[in-house]
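Based on the provided sequences and hints, a complete structural model is requested.
Going down the list, the protein sequences come from chains H and Z.
Numbers 1 to 504, taken from this note's numbering, label the letters of the first sequence in order.
Numbers 1 to 459, taken from this note's numbering, label the letters of the second sequence in order.
To be clear, the hints were calculated from the coordinates, so they are not data collected in a lab.
There are no misleading hints in this set.
Derived Cβ-Cβ restraints for the label pairs, each shown as a range:
(1) H:Asp49 with Z:Ala298: 21 to 27 Å
(2) H:Ala81 with Z:Val59: 25 to 31 Å
(3) H:Arg207 with Z:Arg65: 50 to 56 Å
(4) H:Gln56 with Z:Val146: 57 to 63 Å
(5) H:Ala81 with Z:Leu301: 38 to 44 Å
(6) H:Thr37 with Z:Ala298: 24 to 30 Å
All values derive from a computational prediction rather than experimental measurement.
Where is the CB? At the ideal position from N, CA and C, for every residue including glycine.
So you can see what is in the structure, the chains are spelled out below.
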Amino acid sequence: MNLPRGLDSARPGGTPTIQRAAALCALLLVALLVNATRVQIFEASRYDDNPANRRQMIARYGAPRGDILVDGRAVTGSRDAGGMFRYERTYTDGPLFAPVTGFASQVYGTTMLEDTQDATLAGTDPDLAPFPLWNDVTRTRSSGGNVVTTLNGAAQRAAYQALGGRSGAVAAIEPSTGRILALVSAPSYDPGELSGSRDSVARAWERLNADAGKPMLNRAIRQTYPPGSTFKVVTAAAALDAGVVRDLDESTDSPDPYLLPGTTTRLTNEARGCEDASLRYAFEWSCNTVFAKLGFEVGLRNMTQAAERFGFNDQRLRIPFSVAQSTFERKLDGPQLALSSIGQFDTRATPLQMAMIAGAVAGDGSVSAPYLVDRTTTKSGDTVSATEPRTLRRAMSPATAAALREMMVNAVQEGTGQNAMIPGATVGGKTGTAQHGVGNSGTPYAWFISWAQADDAMEPGVAVAVVVEDAAGERGEISGGGDAAPIARSVMQAVLESQRGMGR
Amino acid sequence: MIEPGTPGLPGTRTETDDAPAPALRLPRRRGVEFALIVLAVLISMYGYCAVGLATQGTVPPGATRYGAGLGVLALLAHCAVRLRAPYADPLLLPIAVLLNGVGLVLIYRLDLETPGDRAAPTQLYWSTVGVALFIAVVLLLRHHRVLQRYTYVCVVAALALLTLPIFFPAVNGARIWLRIAGFSIQPGEFAKVLLAVFFAGYLAANRHALAYTGRRVWRLQLPTGRVLGPVVAIWLLSVGVLVLERDLGTSLLFFGLFVVLLYVATGRTGWIAVGLLLAVAGALAVGRLEPHVHARVADWLHPFASIDAGIGPNQLAQSLFAFAAGGALGTGLGLGHSILIGFAAKSDFILATAGEELGLAGLSALFLLYALLVERGYRAGLALRDPFGRLLAIGLASIVALQVFVIAGGVTGLIPLTGMAMPFLAQGGSSVVTNWIIVALLIRISDSARSQYDGTAVP
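So this is what it looks like as C-alpha cells:
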C-alpha cells in the first residue's frame, strides 16, 4: 500500500512534492544567474570586441574628436550630425592638409595622423585621463586631445599653390631637428567628403578611388620616383667619403660619352664640357658621365652603404605614419651600378627621402629623424607627450657636407638651379630630370632638392624636395630647374620669412 | 473575557494562573506593505529621473505626474488589500508595484530612442486597467475556493481564447494576436490564468485516480488509459498551440505548468517521465517540421552565425552584446544602446535594456524580485490546507517562474529564444493585466492561508 505522498501529506513544513517543485524553481533561478554572469562578466570582453557590435563605434563618435593643429590653429573640426554616430569630422583647407591629416570616416576608417594619433584624438589614450585608471573606474572617455603638428602653414600653402594643380609632391623639413614643415601631394582631395555615414560618403569614396589622378595617394611619402640627377648628391658624398675624389676642382678623368662598364652602351650628357670635368663643374652642370663613372669607381659596397646612411632601404621610417621604402639595389652589375649612381635603373626615392638628403647636407652631414607631431595635448592644452628631435644616422663626414653645400650653392648661383635663388639668403640646390616608363617614354619627372639659410641665421633653416610628375609643356623643356626649382623657392621663402618673423 | 487578538496592556494584565491565554493573532503586516510600496514608487521615480538626467540633463517634466500616477494606483490597490485581504502576504503587492514601475521606466527610456513610437503612456494605461482588475478581484472574489466551481468553464474559455487568434493574421510569424478596434490583445496571456484554475480544479478532484491506478512497469507506475486521456489532451493542446500559432513559449509554459502541477498533485515520478517523453517527442517533431521553431534553435546554437555570414548581427546577438556591455554595474539608465536590438526591444527583449543599463547587479536584483514573488506564492500554497488552493497557488507562482525562465533564458542565450513577455516589465497590455490578476489571486490565497490560523477570521 502506498502511503500518501502528494498533496495530502500532513508532514509539518509542507509536502515533499511542493518542496521539490520549489527546488526546481530555485534551480531555474540559479541557472539564470550563472548564465547572466557568464554573459555579462566572462564573455563580456569577447562580445564587446565583436566587430558587429556597434557600441565601440557609437562611443567613438559620441563626442567631438580632438583637433589637429597647424601654427596653433585647428585645421580640423567636429560637426554634430545627430544620429547614431553623432560627430562627423570637418576640415578647413581639407585638400591642402590631407597628406598630413588623412581622413577620419565613420565608414572607411582613418589614415595618416587621424590614424596614428587616433588614441589621442578619440580620447582613448589613458594618459589623457586626470588619474590612472580614471576612465576604467568611471566608465567614461576622456575628451579628445589635440595633436600639435610641426607644419608651417605658410610653407604648406606656398607649396600647394606653387604646384598649381600639377601632379607632384613637396616635402620640407627643418635640417637641424627633422621637423616636417610642409608635406604636400597634388592632386589632393577633401577628406571631409568621407566623414559621416551619408550616402554621399560612399559615392565620394567610389569617385576618389576611380580617379585616374589618384588624389588619395600621398605622393610625398607613399610614392617612390626615380630621383634622377638629384641622387648625384649621394654619389658625390660617397665619392668624397670613400676618397675616390679628393679635390673638388681636380679633373675626374672622365670620357664623354661614357661607355657603361663592360658594354658598348654610350652614356651622354645634356650639358657641355663634361669631358674630364672637375667634380664641382660636373655637379654644377649635372654631368651624367662623370657621376656614372664615379659611382662605378666607388663600388657597389660603398655606394650601397652611402645610400643606406642617407635612409635608402629603410622600411621602418615613421613620421609617425609609415613612409614607403626608398630603394637602392644591393645586387647590381657594373652598368647597373653606373646607372643607379645617376638616380636611374631601379633607384627610387620618396620626396621626403630626398628632402632628408638635402637636410643632411644642410645639417653638417647627419640625418635627423623627420617627424610631424610636435606634441599631443589634452583638450584644454596641457601637454601629454612631446617629440624630442633625434638624429637617425651620420650620412657623411662634416667636411664632405661642407663640400656638398659649396657645390649645391654653386649649382644655384651659376648652374642648373638658378630659379631657386632667394635674395637675402644662401640657397644650395640640385636639379633632376628623371626618365621613366618603358623605353623612357613617359613624361619625365622634374626634381629639385635644396636648402636655404637666411643671411642672418646661424644654420640652414629649411631643406626641401620637390617633384613634378606631369610638368606641362614639351618633353624637352621639362627640367628640375625650370619646373621644380621655383616651387622649392616659394616654400623656402615662406619658411625663412616666418622664421625671421619669430625673431631668428 | 478578553477579546481575542487584543493585546493585554503591559502592566495592567494580572499575572494569575486562571487568566485565559489570549488567542494567538497573526500580525497583519499592512504597515510593512505600505512602507514597501512607498519605497517601490520612490525607486521607480528615481529611475525615471535618472533617465532624464542622463539623456537630457534635466529631470523629466512629467516626473511628478508619473510618480503620482504610479503612487495612486499602488495606494488604491493597497486600500483594497487592507479592506478585503488584511492577512495577505505583505511582499506580493510591493514587488508587483516595483516591477511594474521599473518596467515603465525602461519603456520610457527606450521611447526616447524611438520618437515616433511612444509605448510608455499605453503601458501606464494598461497598468491602470491591470490594477483596476486587481482591485476588482480582491474586492469581489471573497474566497479562492469559489473558483473551483468553474473548473470546466475555465478550460472551455481558455480553449476558446487560444483558438481565436488562429482566425486572425499572423504577426511576425506568430498567430497570437487579436486586433480589435486598434487594440492588440494576446488572448493566450489570459488563458494562462484560466488553465491554472482548470489544472488546479481537475487535479484536486482526480489526484487519487491519477496517483493510485494503473500498471507498474519496472519502477514506474504508469497511469491507466482512462486518466491518461486528459493528459494527452493537454499535450495535444500545447502542440496545437505551437504548430497553429507558432508560439513556442506559450506551448512550453502550458506543458511545464501541467507537468509541475501533476507531479505536485500525485507525487508520481512516472508522470514526469511520461511528460518529459511527450515533451521531447513533441519538440523534436515540431523542431524538424516547423521552420520558425527550427530557426530559433539554430540561432540559439550559433548566435553569431548571421555575422559570419555577413548579414549583420541578429536580435539574439544584439541582445548578448547589450548584456555584455552592461558588465557588472551597468552603463547607467539612459546610457546604453540596447535599442540596437531593434524590433521588440521594449517587449521580448526588455531585459537586455535592464542588463545593459543596470548591469549584472540590477539584473540579479530583478531575478531575485521574481524569485521572491514565486517563493511567496509557494509559501501561500504550503500554508493552505485545501488541495485546490494549494495547487492554484503553486500553479500561479509556477507560471511566473516558468515564464521568467523561458524569456530570460531566451534573451541571455541559455535556451532557444521564444517570444514571451517578461512579467510586469515588458511592453504589452494583455501581459500586464494578466500578471496583476495573478498577483490578485495570490493575495487572495495568501490571505486565506494566513487567516485560517487566526481565530478571528474563520473562512
